[in-house]
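Protein sequence lines correspond, in order, to chains A and B. Letter by letter, the first sequence follows residues 12 to 456 of the numbering used here. Letter by letter, the second sequence follows residues 12 to 456 of the numbering used here.
No lab work stands behind these hints: they were computed from the structure. We treat Cβ as the ideally placed atom computed from N, Cα and C, and that holds for glycine. Any given hint could turn out to be false.
With a straight-line Cα cutoff of 30 Å, these simulated DSSO-like cross-link-like pairs (lysine-lysine) come out [what the hints assert, rightly or not]:
1. A:Lys-126 x A:Lys-303
2. A:Lys-331 x B:Lys-326
3. A:Lys-326 x B:Lys-35
4. B:Lys-35 x B:Lys-197
5. A:Lys-392 x B:Lys-391
6. B:Lys-326 x A:Lys-454
7. A:Lys-157 x A:Lys-86
8. A:Lys-455 x B:Lys-328
9. A:Lys-97 x A:Lys-35
10. A:Lys-328 x B:Lys-454
11. B:Lys-160 x A:Lys-391
12. B:Lys-391 x B:Lys-35
13. A:Lys-126 x A:Lys-33
Take a look, some chain A residues computed to stay more than 10 Å from chain B by CB distance [as the list claims (entries may be wrong)]:
14. Arg-64
15. Val-76
16. Ser-143
17. Leu-308
18. Ala-359
19. Pro-363
Okay, the calculated bits of chain B under chain A, using three or more residues with CB under 8 Å as the criterion [said to hold, decoys possible]:
20. 376-383
21. 394-403
Protein chains: 2
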Amino acid sequence: MNFVIIGGDAAGMSAASRAKRKNKELNVIVFEKTYDVSYSACGMPYNIADPARDMDELIVRRAEVFRQKQGIDLKVGHEVKKIDPKAKKIYGTSIQGEFEQPFDKLLIATGARPKSLNIPGTDLDGVFSLKSLEHGRQIKKYIKEKSVKQAVIIGMGYIALEMCEALRALDIEVSMIKPNPRFLPKMEQELAERIKQVVLSHGVQLYAGSNVNGIERKGEKLSVLSDDFSLDGDMVLIAVGVAPNSELAQDAGLELGANNAISVDRYFRTSNEDIYAAGDCADTYNVITGKKIYHPLALLANRGGWMVADNIVGKEKEFKGIVATSVFKVFELQVASTGLNEKQAQDAGFDPVSVTINSRSRAHAHPGSKTISVHMVADKKTGQLLGTQMVGEEGVAHRINSIAVALHANMSVDEYFGCDLAYAPPFSPVWDPTLTAANVLKKKL
Amino acid sequence: MNFVIIGGDAAGMSAASRAKRKNKELNVIVFEKTYDVSYSACGMPYNIADPARDMDELIVRRAEVFRQKQGIDLKVGHEVKKIDPKAKKIYGTSIQGEFEQPFDKLLIATGARPKSLNIPGTDLDGVFSLKSLEHGRQIKKYIKEKSVKQAVIIGMGYIALEMCEALRALDIEVSMIKPNPRFLPKMEQELAERIKQVVLSHGVQLYAGSNVNGIERKGEKLSVLSDDFSLDGDMVLIAVGVAPNSELAQDAGLELGANNAISVDRYFRTSNEDIYAAGDCADTYNVITGKKIYHPLALLANRGGWMVADNIVGKEKEFKGIVATSVFKVFELQVASTGLNEKQAQDAGFDPVSVTINSRSRAHAHPGSKTISVHMVADKKTGQLLGTQMVGEEGVAHRINSIAVALHANMSVDEYFGCDLAYAPPFSPVWDPTLTAANVLKKKL
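Only chain A is shown next, with the shape it has when bound in the complex (with noise of 0.2 Å):
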């Protein structure tokens, strides 16, 4: 049995290496349209702020491994074209010509790419985007060749902001513009604003509330032109999001969901039983609400692959969906999230009440104790409790996986501030600042 897939990052590999280790009988073939496979591409930021790393580091595993210890038939430098789900055939091109596979069970792995502005100028000389690895090694290479003292960046979202400490770790000057006032729109608003004032406070630039008309290039620098002013750089980062690499699966006739990414079943199926999109490209479930939604992380792409993997060879099992974890660290703070804020909340049909609390990181007059915030939103008819945000210098990273737990097992608030929390004083208060949020909130049920 052939099993093809298209796109050899972390759903793609992940499939494979799974799929193949659990029947080895498998023809494994992977088409990956670069020259790079199996990476930790949220790990660029970090390994560009460090000039001694060398960005190929981030290769969690070589296209070699895969090929001869695993017995996958990987193929880089391939690029698919059409999917024919009827003759269930693939075509593509590589520089060897073009090429054509057939395939039993199909994966869809094809990820996504950064969002485009659609104003002139991204095409200059010193405008960069960052997902691939390749994009990783321009930017820095870029930065070294040309001694980049000052960037833009476009965007204020998580990569655009962690993209932002990099820069700044290398003492570039970073000024960063979006058209949206508000900065960090999804995060209530007290917590938005607490990171902002970090980013400030370590010179940064915000002009949050500014239209991006265009890039030029100004002698040896780029502007980014806004209404009334224009910002100066040796480099611009475009970084306002992802979109999905839907395209092949819509010409193919499948059908899109949410976000126009691939849309799939419990079982990570296309609408073509034959068919599976796992990572970037593809949607999935939101637990609390049991829609659709658009969620691209690293974990739901490796979870996906192996989904996939055991759905073909194995016995059928389904996903019951994620409720959108994530956490991102900006400068000294630790921002994380999971479930629904305020608006979701409402849209998805529930009644949301919610508060904000500041506690401590660690006990009573421990030294080194930081302040944490947490925002905490609940159904007000059911008490169910529906998501969390937090934002700190310490503890947040990992306290968020206590209420994605919660989520998951569909706790109310009251369920939640029941949980016997860890406490000692190095690490928590007695009441862990989760615990006491849900404690206040309790009180608007």
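With chain A fixed as given, assemble chain B onto it according to the hints.
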């Protein structure tokens, strides 16, 4: 109505504050034997470690505040000697002489005391235990005044280890001794061994498996006598666990439960419906086994105090119980556990299987990553998750909480594995170490 409370620390003062806040008409009368109320006992080792800090920093709220701002009739230096449940009166002594006090509802919150050793010499000058704030003051004063350079700790539990770290921070030589040859016997051996090696690497002498026959004065030093050797020190700390102060309750004819603590129901009521008990003097329910356990930790004491107050002033709230979550720090390690270990699982009638895995605290290739060891226990018959222990230099203390919540939710290992946990390179591998453990454990089910 008179709500009388015996004991003015975590459970007692939590109950007093909350009862008075919820019903201003209530007479809340607290009798505390010592002159300290409402302090963070758990913070004492960290305070002792820093000569610049005053022990009284650990006082969370002073007696005057309870009296003047909260209207609580708080009597310190008042030792209750007898409870008469029929007459609904308590009797005791203070420096003013004898007193008696009628009650409508009574809360016994007498806490626990350090277990004593039945050996000669425990009353010698320089031999200490650590439980009350006064103990902490005495130890700190003694270390300073006697310029302690060498100490012997009898016991190797978490307080013994926290004190070991504190004394090493003061550059005091430490040796530790106990009869049980197994270091941290409730922990899985590989994890216990890792902790032991770290303790040894800090120059601590460990004598596990050695009897402690007595303590003698030997010139300027104290000498802890074992069978064929002795350990010298300027001071000796006895830290061999705590015992509940349940004698007052027992003398009043109230039932005792787990570990001879006062037996309470799910409303923190003793066998007399007008008498409650909470904190380190009372037992509680284990959510996983449904059985009684003794778990003298701060969160349960605070929670118990609140719940007693709620039950007295409002509608009764049932307490589901605990999962026995705990965490402590010892040198660079965080050590956490929740739920049952294999032996406890077996004793409770489960058919336990377990795995121990090593994972990382940060993503592939992320600098500063440390090893996280995870030991996870499940029931072979049902797949139910039963418990987890974890050791690592970072990312352990809060990570245990996601397992604790899963235990409260009665999740299977498979359900836990399906949880959407947070990932970013500075904080975790893509697969959280607890997910990796669950994945490996699934294969044994």
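To see whether the hints hold, each was checked on the structure:
no.	hint	result
1	A:Lys-126 x A:Lys-303	holds (21 Å)
2	A:Lys-331 x B:Lys-326	violated (37 Å)
3	A:Lys-326 x B:Lys-35	violated (62 Å)
4	B:Lys-35 x B:Lys-197	violated (45 Å)
5	A:Lys-392 x B:Lys-391	violated (38 Å)
6	B:Lys-326 x A:Lys-454	holds (15 Å)
7	A:Lys-157 x A:Lys-86	violated (34 Å)
8	A:Lys-455 x B:Lys-328	holds (18 Å)
9	A:Lys-97 x A:Lys-35	holds (27 Å)
10	A:Lys-328 x B:Lys-454	holds (15 Å)
11	B:Lys-160 x A:Lys-391	violated (60 Å)
12	B:Lys-391 x B:Lys-35	violated (53 Å)
13	A:Lys-126 x A:Lys-33	violated (37 Å)
14	Arg-64	violated (8 Å)
15	Val-76	holds (14 Å)
16	Ser-143	holds (17 Å)
17	Leu-308	violated (7 Å)
18	Ala-359	holds (17 Å)
19	Pro-363	holds (20 Å)
20	376-383	holds (count 3)
21	394-403	violated (count 0)
The structure fails to meet hints 2, 3, 4, 5, 7, 11, 12, 13, 14, 17 and 21 from the earlier list, while all remaining hints are met.
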